[in-house]
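Colleague: Sequence:
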Amino acid sequence: MEPSNPGELSRLSAEIARVVADAVKEALAPQTPPRQPPLEEEKSVNMSRIIDSLSARLALFKYDPEEEATFENWFVRYEKLLDEEGELLEDKAKARLVLSKLDGREYSLFANRLLPMHPDNLTFSELISKLKETFKSTSSEFRRRYDFLQTSFTGGALEEYTGTILRRFTTSRWKEMTDDQVCCLIWIAGLRDESFADIRTKALQLLESKTEITLLELETKIKRLLEIRDDSQRVGTSKVKPEINAIKAKKASTPQKSPPSPCPKCGGNHWSRDCKIEKVTCNVCGKDGHTAKFCYKNKNHSKKSTKKFQKKKISVVAVVQTVPPKRRIYLNIPINGTDVRMQLDTGSDVTVINTRDWRRIGTPPLVKSSEKLMSACGNEIKTKGVFRCKCQLHGKEYEGAAHVADTSTLLGMDWMALDSSLLHSLVDSPDTCVNSVQVTNKKAPLIMCREELLSLLKKSHPNVFKSGLGTCTKTRATLRLKPGAKPVFRKARPVPYARLPAVTGELQRLVAKRVLAPTNHSDWATPIVVVMKKNGELRLCADFSTGLNDCLQQHQHPLPTLEDSFSKLNGGRLFTQIDLAEAYLQVETDPEASELLCINTHLGLFAINVCHSE
Numbered sequence: 265m266e267p268s269n270p271g272e273l274s275r276l277s278a279e280i281a282r283v284v285a286d287a288v289k290e291a292l293a294p295q296t297p298p299r300q301p302p303l304e305e306e307k308s309v310n311m312s313r314i315i316d317s318l319s320a321r322l323a324l325f326k327y328d329p330e331e332e333a334t335f336e337n338w339f340v341r342y343e344k345l346l347d348e349e350g351e352l353l354e355d356k357a358k359a360r361l362v363l364s365k366l367d368g369r370e371y372s373l374f375a376n377r378l379l380p381m382h383p384d385n386l387t388f389s390e391l392i393s394k395l396k397e398t399f400k401s402t403s404s405e406f407r408r409r410y411d412f413l414q415t416s417f418t419g420g421a422l423e424e425y426t427g428t429i430l431r432r433f434t435t436s437r438w439k440e441m442t443d444d445q446v447c448c449l450i451w452i453a454g455l456r457d458e459s460f461a462d463i464r465t466k467a468l469q470l471l472e473s474k475t476e477i478t479l480l481e482l483e484t485k486i487k488r489l490l491e492i493r494d495d496s497q498r499v500g501t502s503k504v505k506p507e508i509n510a511i512k513a514k515k516a517s518t519p520q521k522s523p524p525s526p527c528p529k530c531g532g533n534h535w536s537r538d539c540k541i542e543k544v545t546c547n548v549c550g551k552d553g554h555t556a557k558f559c560y561k562n563k564n565h566s567k568k569s570t571k572k573f574q575k576k577k578i579s580v581v582a583v584v585q586t587v588p589p590k591r592r593i594y595l596n597i598p599i600n601g602t603d604v605r606m607q608l609d610t611g612s613d614v615t616v617i618n619t620r621d622w623r624r625i626g627t628p629p630l631v632k633s634s635e636k637l638m639s640a641c642g643n644e645i646k647t648k649g650v651f652r653c654k655c656q657l658h659g660k661e662y663e664g665a666a667h668v669a670d671t672s673t674l675l676g677m678d679w680m681a682l683d684s685s686l687l688h689s690l691v692d693s694p695d696t697c698v699n700s701v702q703v704t705n706k707k708a709p710l711i712m713c714r715e716e717l718l719s720l721l722k723k724s725h726p727n728v729f730k731s732g733l734g735t736c737t738k739t740r741a742t743l744r745l746k747p748g749a750k751p752v753f754r755k756a757r758p759v760p761y762a763r764l765p766a767v768t769g770e771l772q773r774l775v776a777k778r779v780l781a782p783t784n785h786s787d788w789a790t791p792i793v794v795v796m797k798k799n800g801e802l803r804l805c806a807d808f809s810t811g812l813n814d815c816l817q818q819h820q821h822p823l824p825t826l827e828d829s830f831s832k833l834n835g836g837r838l839f840t841q842i843d844l845a846e847a848y849l850q851v852e853t854d855p856e857a858s859e860l861l862c863i864n865t866h867l868g869l870f871a872i873n874v875c876h877s878e
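First residue of the sequence shown? That's 265 in my numbering, and the numbers climb one at a time after it.
Treat the hints with caution; some may be incorrect.
To be verified - Below, a list of computed lysine to aspartate or glutamate pairs in the DMTMM-like style, where the Cα atoms sit at most 20 Å apart:
{"id": "1", "residue 1": "Lys326", "residue 2": "Glu354"}
{"id": "2", "residue 1": "Lys289", "residue 2": "Glu272"}
{"id": "3", "residue 1": "Lys356", "residue 2": "Glu343"}
{"id": "4", "residue 1": "Lys660", "residue 2": "Glu644"}
{"id": "5", "residue 1": "Lys738", "residue 2": "Asp621"}
{"id": "6", "residue 1": "Lys396", "residue 2": "Asp367"}
{"id": "7", "residue 1": "Lys646", "residue 2": "Glu661"}
{"id": "8", "residue 1": "Lys365", "residue 2": "Glu343"}
{"id": "9", "residue 1": "Lys485", "residue 2": "Asp552"}
{"id": "10", "residue 1": "Lys396", "residue 2": "Asp355"}
{"id": "11", "residue 1": "Lys439", "residue 2": "Asp457"}
{"id": "12", "residue 1": "Lys326", "residue 2": "Glu343"}
{"id": "13", "residue 1": "Lys394", "residue 2": "Glu343"}
{"id": "14", "residue 1": "Lys632", "residue 2": "Asp621"}
{"id": "15", "residue 1": "Lys365", "residue 2": "Asp355"}
{"id": "16", "residue 1": "Lys394", "residue 2": "Asp384"}
Claimed, not checked - Label-pair ranges, simulated between beta-carbon atoms:
{"id": "17", "residue 1": "Ala847", "residue 2": "Tyr371", "range": "19 to 27 Å"}
{"id": "18", "residue 1": "Lys632", "residue 2": "Ala847", "range": "34 to 42 Å"}
{"id": "19", "residue 1": "Cys736", "residue 2": "Arg456", "range": "28 to 36 Å"}
{"id": "20", "residue 1": "Pro765", "residue 2": "Val631", "range": "52 to 60 Å"}
Treat the hints as calculated values from the structure; they're not laboratory data.
In this text, a Cβ means the ideal position worked out from N, Cα and C, and glycines have one as well.
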């Protein structure tokens, strides 16, 4: 179709030319690529997805050593998952992921163990190693093997029982046992009687220190222990009774079969806890537990009801002549205005007046004594009674009680304690006698004497009683190894979590006192044993029986027998017991011995600079 006029033709040509020009221009323009996310953002998104995926699949770790829920078993379960699916993760990200799967109690315990270091400062490999060490199995190899032998079916699903057998078989490493190890296991397990408790303990120590020990070697060492125990029993039951001059008798502790007073509920002759009447209320005071008849607020309370239950106190009198007559000390003591010659006796807790002197001072009225005087050999000493009187000591007037008996007139500790100057003069006197009377139910004068003596000794010898650890300057401890001895290095034993703070504090205290010195390397190492003292404190003992003792040359020094020791005490007058605080820690060791005396603890290695108890 042709255009109808020339104007329309020119307009159409111009339109076509414009469209072609636009198409050419668009074709020649550079193409703008679509916007893509940055590489770092994509990587971060992928890491977050991986961490979220792994966190959802990893179970929370809770430590339970009794059920073998250790970190090593937990990590074995998820180790391959972390390696394969967490391949793109950095070590720090893996470490944070593992820390996030620790339960609250486990994380607190682990963080405290690492102080002053923070868990985030550890690499992934270091973190896994520390976690395995902290949350490991607390049962010994012997216990795991013994539990495997004691496994029994107690009901439930057979599948669970089968799994228990396989798990205990694997954890006990039964396949790695030698014939001797099996025999030793059965041999120790057969010592079930309580009389063999010490033998079992020693056998387990030997088995732990030397895993390759044979049954014959174990038998030889245990037989030696039995011989030593038999020798100890022979010494303890020796019929030899060495003679000594000083006698200190004590009140016999006999069990009380009947109550000291009638039952406050019913008045019967039985204990209140055994009364059939469960609850009773007093009409006088309104309190529970007794009736009005036995109420102390009741003025009509009958004293006869408790009279038959009263018992006499027993006092012990030990008459022993230990001082020659010419060395005895006598003092003229005014009693109620009359001078009485009395023998001074620091061994007597009470003052005794004989009948003749009692008559000289005017026979003051006597009161029946509640104390029963007994001689050292068990014979009763009859007394006429006891009276209160006034006495003068060093010009000062005091009031005291005196017993009247047919014995020597003795000035006892109850009167001497009244005058401190007299007590000090007795301490300074070399001829102070320890002679005759011991009363068990009057301890106050004796305690006062001890306090005065202790105060005087502290003032006279301040260097001996000063606080802190002393040092022996006369000698040093030396150790000599046997020819060909090889170093023995034992790993640290696990410490119960309840005692960790106390053990750590004790180690730090010994380091501060320079008893221990931290060290980074040692060829010798022995584990420690934590012993609880009677006063609640801890004593750290090194178990050198794990290897060092067998490598040392024995000190050939003869020990005295009991007969030799008691024969040297024959003729003695004063006896005392000296207990040095931390005595072994006051003897230093030479540098060569310190290298051998190294302990392995949960805080690392420590060299011992002094003699240490085993």
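Colleague: All hints, please: hold or fail.
Modeller: Results of checking the hints against the structure:
For the proposed pair Lys326 and Glu354, the alpha carbon gap of about 25 Å is over 20 Å, so the pair is violated. A C-alpha spacing of about 26 Å is found between Lys289 and Glu272, which places the hinted pair above 20 Å, so the restraint is violated. At roughly 16 Å between alpha-carbon atoms, Lys356 and Glu343 fall within 20 Å of each other, so this suggested pair holds. Straight-line distance between C-alpha atoms of Lys660 and Glu644 comes to about 35 Å, which puts the hinted pair past the 20 Å bound.
For the proposed pair Lys738 and Asp621, the alpha carbon gap of about 56 Å is over 20 Å, so the pair is violated. Among the hinted pairs, Lys396 with Asp367 is consistent with the structure: their alpha-carbon atoms are about 15 Å apart, no more than 20 Å. Proximity of Lys646 to Glu661 is assessed by CA-CA distance (about 29 Å); at most 20 Å being required, the pair is judged violated. At roughly 14 Å between alpha-carbon atoms, Lys365 and Glu343 fall within 20 Å of each other, so this suggested pair holds.
Pair hint Lys485 plus Asp552 does not hold up; C-alpha atoms about 63 Å apart against a cutoff of 20 Å. Only pairs whose Cα atoms come within 20 Å are accepted, and Lys396 paired with Asp355 is accepted, the gap being roughly 17 Å. For the given pair, Lys439 sits about 30 Å from Asp457 by alpha-carbon distance, which is inconsistent with the 20 Å threshold. With a CA separation close to 17 Å, the supplied pair Lys326 and Glu343 stays within the 20 Å bound.
Simply put, Lys394 and Glu343 have alpha-carbon atoms about 16 Å apart, close enough for the 20 Å limit, and the pair holds. Only pairs whose Cα atoms come within 20 Å are accepted, and Lys632 paired with Asp621 is accepted, the gap being roughly 19 Å. Restraint check: the Cα-Cα separation between Lys365 and Asp355 comes to about 16 Å, which is no more than 20 Å; the hinted pair holds. A C-alpha spacing of about 13 Å is found between Lys394 and Asp384, which places the hinted pair at or below 20 Å, so the restraint holds.
Against the hinted window of 19 to 27 Å, the Cβ-Cβ separation of Ala847 and Tyr371 comes to about 43 Å, which falls outside the hint. Distance hint for Lys632 and Ala847: a CB-CB separation of about 50 Å, inconsistent with the stated range 34 to 42 Å. At roughly 46 Å, the beta-carbon separation of Cys736 and Arg456 lies outside the given 28 to 36 Å, and the hint is violated. Distance hint check: the CB atoms of Pro765 and Val631 are about 58 Å apart, consistent with the given range 52 to 60 Å.
Against the hints set out earlier in the document, violations occur for numbers 1, 2, 4, 5, 7, 9, 11, 17, 18 and 19.
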